[in-house]
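Asks: The chain contents come next:
2 protein chains.
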Amino acid sequence: MGHSGGVDLGGTKIQVAILGDDGEVAGQSRRPTPTAGGPKDVAHEIAGALRDAAAEAGIKTSALEGIGVGSPGKVDDEAGTVAGAKNLPGWGGSYDLRHALEKACGAPVSLGNDVQVATDAEFELGSGQPYRSLLGVFWGTGVGGGIVLDGRPWIGRDAAGEIGHVVVRQNGALCGCGRRGCMEAYAGRASMEARARRRAGRGENTVLFKIMEERGRTRLTSGVWSRALDKGDPLARRLIERAVRALGTGIASSQNLLDVEAVVIGGGLGLRLGEPYVERIRDAMMPHLFDDERPPVVALAALGDLGGAIGASLLVKKAVAARA
Amino acid sequence: MGHSGGVDLGGTKIQVAILGDDGEVAGQSRRPTPTAGGPKDVAHEIAGALRDAAAEAGIKTSALEGIGVGSPGKVDDEAGTVAGAKNLPGWGGSYDLRHALEKACGAPVSLGNDVQVATDAEFELGSGQPYRSLLGVFWGTGVGGGIVLDGRPWIGRDAAGEIGHVVVRQNGALCGCGRRGCMEAYAGRASMEARARRRAGRGENTVLFKIMEERGRTRLTSGVWSRALDKGDPLARRLIERAVRALGTGIASSQNLLDVEAVVIGGGLGLRLGEPYVERIRDAMMPHLFDDERPPVVALAALGDLGGAIGASLLVKKAVAARA
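Heads up: the protein sequence lines correspond to chains L and R, in order. Each residue of the first sequence is one higher than the one before, counting from 1 in my numbering. Each residue of the second sequence is one higher than the one before, counting from 1001 in my numbering.
Reference listing, derived: stretches of chain L covered by chain R, where coverage requires no fewer than 3 residues with Cβ under 8 Å from a Cβ of chain R:
#1 252 to 259
#2 286 to 299
Sample of chain R residues with no beta-carbon within 10 Å of chain L, all distances over it, derived:
#3 A1190
#4 R1282
#5 A1322
Derived by calculation from the structure, the hints in this document are not laboratory data. Note that the Cβ used here is the ideal one computed from N, Cα and C, for glycine as well.
Extracted from the complex, chain L is given alone in its bound form (with noise of 0.2 Å):
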């Protein structure tokens, strides 16, 4: 097999990898996702963040064994469209990504789900190497989640793996997706902004937006986040804990349901806290796992940024083997 692209399709940027045979990233771009437009106007830069990472790699993207691309919204692989993808611009419909991209680039294209591809990536190159089962939390502006199985990939009817609307306390906060008590409406750097905002104003003191207005943001990234924690905020280390016994609660129940052997961390908060955070969710889990003398592994996702593009261009090897 020849080389594959990979594609990580965000609401804040598109990451691209182009690995080679042996599984190294030869070459890899990033841009931001469009703002306005539509799902043309992604797809263009899409195409065009894939010739920039093919290039480093030294190849045309005609010279693809093929694209995968691990999108958001709904994604329907066999007929090659994306829908309600809420966080890309005018992208509320169905949209033919496949063709649009192949028309572009000349190279067949798959297309996965984001969190999906990046949990499948941890477990065949990353922190979930050793394990059967797994599952993979992405802790950034939600929280999203991908289940391996017994070597496989879990998603049901299409839609599995939706931790972030775990529900940790009934009748609890309100969560961005208009229902209560998801463990993303404590742990989602969305909320946790939102609250900070409306604490902030309530005159409660804190540098987040001070650092945020210092690193030239206008949302409170991981970064700013992290910084405050160093500064010991305290208004940013009381959201962050809220955050990690949410995460706690809403991992153990998912464990006393599967029983996985490992669970691993990643996502935009996930890896710039990294290791003692990783270790927080771990002793946040503990009150309320069920096989408490036995608790799975949890681990840091361990590709990095990369992961959600490295584990798209895993669809291209699956799309061969179906092929033939």
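Following the hints, complete the assembly by docking chain R onto the known chain L.
Replies: Same frame as chain L, but now just chain R:
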């Protein structure tokens, strides 16, 4: 294949079914589970119940193709042992149940988890038949869960399916397991009875204990709850509503993670309260269901009280296939 025996080993009763070649129930028997003694005494009663049921089917136990046992506690089919079955007398340690029953009955014995075999029975012969993925929820003294994914039982590292210990409220009610906020702490009959006793002790008005005494019971059985609801008892109604809300929340959380096609509701209380309460559980799931445009089918268990024993008998077929 000839006749096979199935044993549902519960804390209250031992239920046995003999299944004919055609899958029809050819004989059955029931004995109370010993409340004193140890595993040997329990095994003795199981063997007796098997002899009774086999006699009803017109055969000896030694003529059985095999015997399957669905057991609580830690079941190790490879070793033939059951350990830590808290609801059975003197069964804290490990006991070689296979050896005891094979010696007493003269037929090969297979062991399985009680809740998982009941789920498998609903999957193969009951309400789950039309589906490939299934969550079984057994609402009784506790709340047990069994999982079938892509046509196969998912048992994790042997401890999957503990849906009763999915958290519905951080820092919530104390559960029989010693943890806080588990679904079972609100919905398990044991927790509900403890709460009813406290409330009645504080002078709250209820017919629950009057009905219990009239029926010659020492516990609030499913029948007692059902009769109290029929009489419009306000305490019974409130506690059952609270249980239904917890079930809805915990099952919806599980569905957000697993995205199965169907949920089957069984167990003593589930079967006794029947379809109207399945409907209420379905409604209680909706506010927490992430993919609420496509809720799973929620159905009452079809095999009733015999589900566990029938499911255990299915272990025989699998053991025969594995030997071949």
